[in-house]
Amino acid sequence: MGQAALTFEKVNAGYKGMTVLDDLSFQVNEGEFISLIGPNGCGKSTLLKTASALLKPVKGRVCLFGKDIRSMRQVTRARYIGVVPQKVESPMAFTVGQIVMNGRIAASGFLRGLVEEDFVVIERSMIYTNVLHLKDRYFMELSGGEQQRVILAMVLAQEPRILMLDESIAHLDINHRYEVLRILKRINREKSMTVFLVSHDLGLSSEVADRLILMSEGRIVAEGRPEKVLVPEILDQVYDCELKVQRDPVTGSIHVSGVLENFNGSSKKHKAVHVIAGGGTGIELFRRFSLQGFRITSGVLNEMDSDAEAALALGIDAVFEKPFSAIGEEAFQKASFKAAKADILVVSDVPFGQGNLINLQLAKEAIEAGKKVWIAEGIAERDYTEGKQAVEIVRKLHADGAQAWTSLHDLMKELKADH
Amino acid sequence: MKKYQDTTLRPAAMLGLNTISGARVALFFVCVPLLLGFSLLLGPTGMLWPDLDSPVERAIMSLRFSRLVMGVLVGGALSVSGVIFQAILRNPLAEPYVLGVSGGAGLGATMAILFGAVAAVPLSLPIMAFASAVATLFLVYWIASRGSGGMPSVYSLILSGVIVSAICSSLIMFFVSMASAEGLHNVIWWMLGNLQPVSFNQRLFSALFIGIGIGGAWFLASRLNALTFGREMAHYQGINADAVIMGGLLCATLVAATAVSMAGMIGFVGLIVPHVIRAMFGPDHRWLIPLSAVGGGTFLAVCDAFARTVIAPIEVPVGVVTALAGGPFFLLILQRKMKNAWIG
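Taken in sequence, the protein lines are chains A and B. FYI, the numbering for the first sequence is 16 to 434, going by the numbering used here. FYI, the numbering for the second sequence is 1227 to 1570, going by the numbering used here.
Treat the hints with care, since some could be wrong.
[What the hints assert, rightly or not] Reference excerpt, derived from the structure (chain B facing chain A, CB under 10 angstroms, subset only): (1) 1283; (2) 1284; (3) 1312; (4) 1313; (5) 1317; (6) 1371; (7) 1449; (8) 1451; (9) 1455; (10) 1459; (11) 1460; (12) 1461; (13) 1467; (14) 1510.
[Said to hold, decoys possible] Anything over 12 angstroms on all C-beta distances counts as not near chain A; from chain B, calculated: (15) 1427; (16) 1453; (17) 1466.
If you're looking for bench data, these hints aren't it; they were derived computationally from the structure. Just so you know, even glycine gets a beta-carbon here, dropped at the ideal spot from N, CA and C.
Whole structure, please, built from the sequences with the hints as guidance.
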């Protein structure tokens, strides 16, 4: 393994009033083929912009081959790191040859213009990416795959030592994607150029990269060989959904896929869940439960409350009380009737006051009927009743077998395990 | 050893990476002196070879020559300014006046005329027009950059340019509505634009400014090429995009403000000449800038020759001729050749 090519040292970076990269540290060595993966909005593009000095870190240091990027001239930096963005467009009708020439402009300096050597480099990078035959065509007339190769040629003409690609191949069809990947593999191998691929495609990343870096919410969650990073325990958490990871026994490549069917063809009757919520705490529960195919009932909710609106919108069988008023006897009886028919009862992290305390009675009834009850943790912080009555009730419920849940992710997992 | 030459200039450049057709350039440079000669000789009675021995004809020729120089300078300046604005703003609708140069210059000139400075202080009109044009650009730039924290985006530049222009126009209208009949005539005449020769010294200074501006823009040409892919891509390639944008805007405003201070507001040239040159020779700014300078200058000189002869002894405002005569011709070219210039 070569020397350190790209180093982030405790980097904080982001945009006005919003930190995206949070105390990020990692190192990429020369000659490595790295793939950066992570869900949308996790900071992949911000990382790329920070690495190419488009964004200044708020804190910390970014180094290219041991030199701080801030003290580096633009031209020097471009010799170290080249970036292929997601999409490049020029409103003007440049030909492919003219576009690839752009890669040499910074290096050629203000006064001297392009010389013989520059054209050698340009020609070489066009041959490498197989676009030489397109040199007189208009760039914008080319297909997506060809355009991507032209941009790659332009960046290669910079002769960078690190090549960063920002989702550049995501929108290409499979044969063009592999064509670009083969080119990348080849320059990685032959010129020991460091390749840093930002990608959405987990399977593809595992195929081409020596090492994966998995990011989530501005931090690095895992890094290492693909088979170490692409494991369900890590991925489920990061992508917050159920994923299947399969290894191809022949090629050893890893295939990651989501789960389309919620019940894997089981003909079991869908379980019913009664949700106690309010103030918007139930929306995500409703959404997830209905995605998973549960039959949902809810209540008592106050009309015009955001959970009530959500329940109406999702067609959930819910019991309502008049807006901004305490839950009355009639509504409670209806809710009790519905909750009695449910298999599971879930209490969201809804704050309790005198007005809705009676909803906890539903949980008590469920426990008494021998059903599973899940209550969101931290009741003490959202108990606004006199004398902390809700805390007391929940304590008793837990003593009688009610379980606590902290994250939606875990709750869903537990419920599905029961299923 | 390195050969310090631009291989793209060689007819048989390597790889066929030469970006421009040599034959077309040659044809272009044959046409230019012919057209300039034509506009020099064109008088109200048609083309006549002047009798240089007669003092009257010599005076006429000298006057025509001065106008020719004015046309070449102003036309070249406006065209190059248009090229730069179109490249930096990445917008085919950009023209020299897009960032408020016209509004600012117009306001300055109107005040100079109406408040009597013109009569009192020599050269106060061009100086006021120039200064307020440049000041307007800085104002627009400042407004646009405040919202985005640092470099203004292209869109905020265009928007604030348009708005500042509108405010300037309203102020001009306000002043004009208060003005006397004579002042009104002067303002309108100035705003229509004309190429009546200004003093020799002013021409000299203007030529210097325009030369600096066009030279500076040419200097930035290959970087302007890279900049058409957007500021981020240019940055990735190691180009100091912000500096190029700043430098380009300065050059463009310098030449446009100089042109306006010489000849008032002549429309159309700065918008359309860059398009035609681009359609004929491609979008490479290393060629586009010098060719637009020459092409725009020639175009305006020819238009002016018509303007002063068509219904002589009355002079048609040259801006009318540029639009009326040039428009259809350019539309024809654009229709056939647009593919070579812009996408779409």
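A quick look at each hint next to the structure:
| no. | hint | in the structure |
| --- | --- | --- |
| 1 | 1283 | 46 angstroms, violated |
| 2 | 1284 | 44 angstroms, violated |
| 3 | 1312 | 8 angstroms, holds |
| 4 | 1313 | 8 angstroms, holds |
| 5 | 1317 | 7 angstroms, holds |
| 6 | 1371 | 14 angstroms, violated |
| 7 | 1449 | 6 angstroms, holds |
| 8 | 1451 | 6 angstroms, holds |
| 9 | 1455 | 5 angstroms, holds |
| 10 | 1459 | 6 angstroms, holds |
| 11 | 1460 | 8 angstroms, holds |
| 12 | 1461 | 6 angstroms, holds |
| 13 | 1467 | 9 angstroms, holds |
| 14 | 1510 | 6 angstroms, holds |
| 15 | 1427 | 32 angstroms, holds |
| 16 | 1453 | 9 angstroms, violated |
| 17 | 1466 | 5 angstroms, violated |
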